[in-house]
Amino acid sequence: MGRRKKVNVDDFFAEVDQTSEVHTLRSEVQTLKDQETELRAQIEKLKAEQSNPEDVEQEIQRLREHLLESQGKVKFPISKIKRNENQPRQSFTEEVEAMKLSLQQEGQLQPVILFEDGTLFDGECRWRAAPELDWETLDAVFMAQLDPKELRRKAYLTSLHRKGLNALDKAEALIAIAGDHIEALNPLEVPKIINRVIMRLKRNNSALPSNLQTQPKEVQEKHIRQSLQDSQEIELFLLYLGLQEHPATLNRNVFPALKLSSILKQSVRKQGLGCPQALLLNRLDPEIQRQGIEAVLKGQLSIAQTKKWIKDQNKQEGKPKFSIVEANTITEDDKEQIVREATNLKALNLEAWQNLEVIAKVKQVQRLLQEIKELT
Numbered sequence: 028m029g030r031r032k033k034v035n036v037d038d039f040f041a042e043v044d045q046t047s048e049v050h051t052l053r054s055e056v057q058t059l060k061d062q063e064t065e066l067r068a069q070i071e072k073l074k075a076e077q078s079n080p081e082d083v084e085q086e087i088q089r090l091r092e093h094l095l096e097s098q099g100k101v102k103f104p105i106s107k108i109k110r111n112e113n114q115p116r117q118s119f120t121e122e123v124e125a126m127k128l129s130l131q132q133e134g135q136l137q138p139v140i141l142f143e144d145g146t147l148f149d150g151e152c153r154w155r156a157a158p159e160l161d162w163e164t165l166d167a168v169f170m171a172q173l174d175p176k177e178l179r180r181k182a183y184l185t186s187l188h189r190k191g192l193n194a195l196d197k198a199e200a201l202i203a204i205a206g207d208h209i210e211a212l213n214p215l216e217v218p219k220i221i222n223r224v225i226m227r228l229k230r231n232n233s234a235l236p237s238n239l240q241t242q243p244k245e246v247q248e249k250h251i252r253q254s255l256q257d258s259q260e261i262e263l264f265l266l267y268l269g270l271q272e273h274p275a276t277l278n279r280n281v282f283p284a285l286k287l288s289s290i291l292k293q294s295v296r297k298q299g300l301g302c303p304q305a306l307l308l309n310r311l312d313p314e315i316q317r318q319g320i321e322a323v324l325k326g327q328l329s330i331a332q333t334k335k336w337i338k339d340q341n342k343q344e345g346k347p348k349f350s351i352v353e354a355n356t357i358t359e360d361d362k363e364q365i366v367r368e369a370t371n372l373k374a375l376n377l378e379a380w381q382n383l384e385v386i387a388k389v390k391q392v393q394r395l396l397q398e399i400k401e402l403t
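The numbering used here numbers the first residue of the sequence shown as 28 and each following residue consecutively.
Keep in mind that the hints are not guaranteed to be accurate.
What the hints assert, rightly or not - Dumping the calculated DSS-like pairs for lysine-lysine here, alpha-carbon to alpha-carbon at most 25 Å:
hint, residue 1, residue 2
1, Lys127, Lys109
2, Lys249, Lys286
3, Lys297, Lys286
4, Lys292, Lys338
5, Lys297, Lys342
These aren't lab readings, by the way, just hints derived from the structure by calculation.
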């Protein structure tokens with residue numbers, strides 16, 4: 028029988044102390060992770076409840092402070108920071124200029140929040156403004172990575188409560204989210220599906236309640252399942268209602284922005300042209316669109332003023348209100364006006380129909396009605 032190896036008491040207790048310390052550290056790390064998860068959950072809850080944007084910002088600030096306290100901030104190279112491709116907002120012109128001035132005068136007051144791979148969670152205006160001041164690094168804190176699909180959804184909800192998410196950004200983000208969450212759905216068909224269902228409900232006098240997007244989930248689901256039969260339509264409508272978006276509002280005010288011409292889209296994103304004004308200008312020929320962009324931006328024209336500008340242009344050039352290039356860009360108000368026009372035309376007597384101007388108008392209305400039919 029061999030001799031037992033003598034135990035070194037000092038080494039033994041050193042190992043015990045190390046094991047205990049590791050356990051304590053692991054416990055502390057888990058506590059910090061739990062706190063981070065709780066803060067992120069609180070942010071999500073506030074967004075889902077359509078809370079005041081200031082409350083959402085306050086929770087994001089709490090998350091930032093927690094990350095600062097738990098890990099500290101680091102100087103991170105701007106060149107290694109990646110834009111969140113799931114961020115729905117793409118227009119930042121005014122905010123970046125304001126942030127550049129703030130950074131120049133006050134320095135960086137708050138660190139940006141990054142995911143572990145350097146992707147932005149919060150702080151895009153700082154990231155965009157800093158290179159214009161020749162900065163090479165930004166103060167940053169890091170948080171755990173999210174699933175890409177969940178990240179897109181959370182990024183949308185965050186942007187929803189902040190200034191600057193225009194109809195074009197919103198439309199593209201919502202289509203991408205639908206593609207993420209609904210199998211076998213062609214994202215490009217989303218606006219057509221929404222429009223088709225809304226028009227069908229309207230014809231059947233069963234339009235959705237105007238406040239359905241603010242109702243509890245079970246109320247939304249009950250109403251949608253009573254109104255719709257197609258499983259894909261049900262899933263799509265419930266998805267958007269869960270994002271606090273009413274499908275009828277999207278159909279009327281948001282998805283039409285996808286039909287903007289390329290020069291109008293560029294102006295919305297790069298020059299700050301308002302989407303409502305852009306939609307009005309979209310009815311015009313390309314050259315007149317360019318003139319309209321300049322007039323709206325230079326004169327800071329409101330929607331009403333933009334309508335007047337277009338009306339004045341039509342008078343000067345003798346063009347009809349609707350031009351041929353406006354196919355698939357007709358608003359709900361336009362549709363109602365066309366229906367009224369068509370109804371009035373039916374009441375005309377036979378002699379009036381001989382008037383060439385009236386005949387031309389009839390043909391124009393017929394063409395536009397056909398375009399509406401193709402859309403629905």
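Against the structure, the hints:
1. Proposed proximity of Lys127 and Lys109 is supported: the alpha carbons are some 19 Å apart, at most 25 Å.
2. At most 25 Å may separate the alpha-carbon atoms for a hinted pair to count; Lys249 and Lys286 exceed this at roughly 33 Å.
3. Taking the CA atoms of Lys297 and Lys286, the gap is near 18 Å; set against the 25 Å cutoff, the hint holds.
4. A threshold of 25 Å between alpha carbons decides the hint, and for Lys292 with Lys338 the separation of about 22 Å falls inside it, so the pair holds.
5. Using a Cα cut-off of 25 Å, the hinted pair Lys297 and Lys342 is violated, with the two alpha carbons roughly 30 Å apart.
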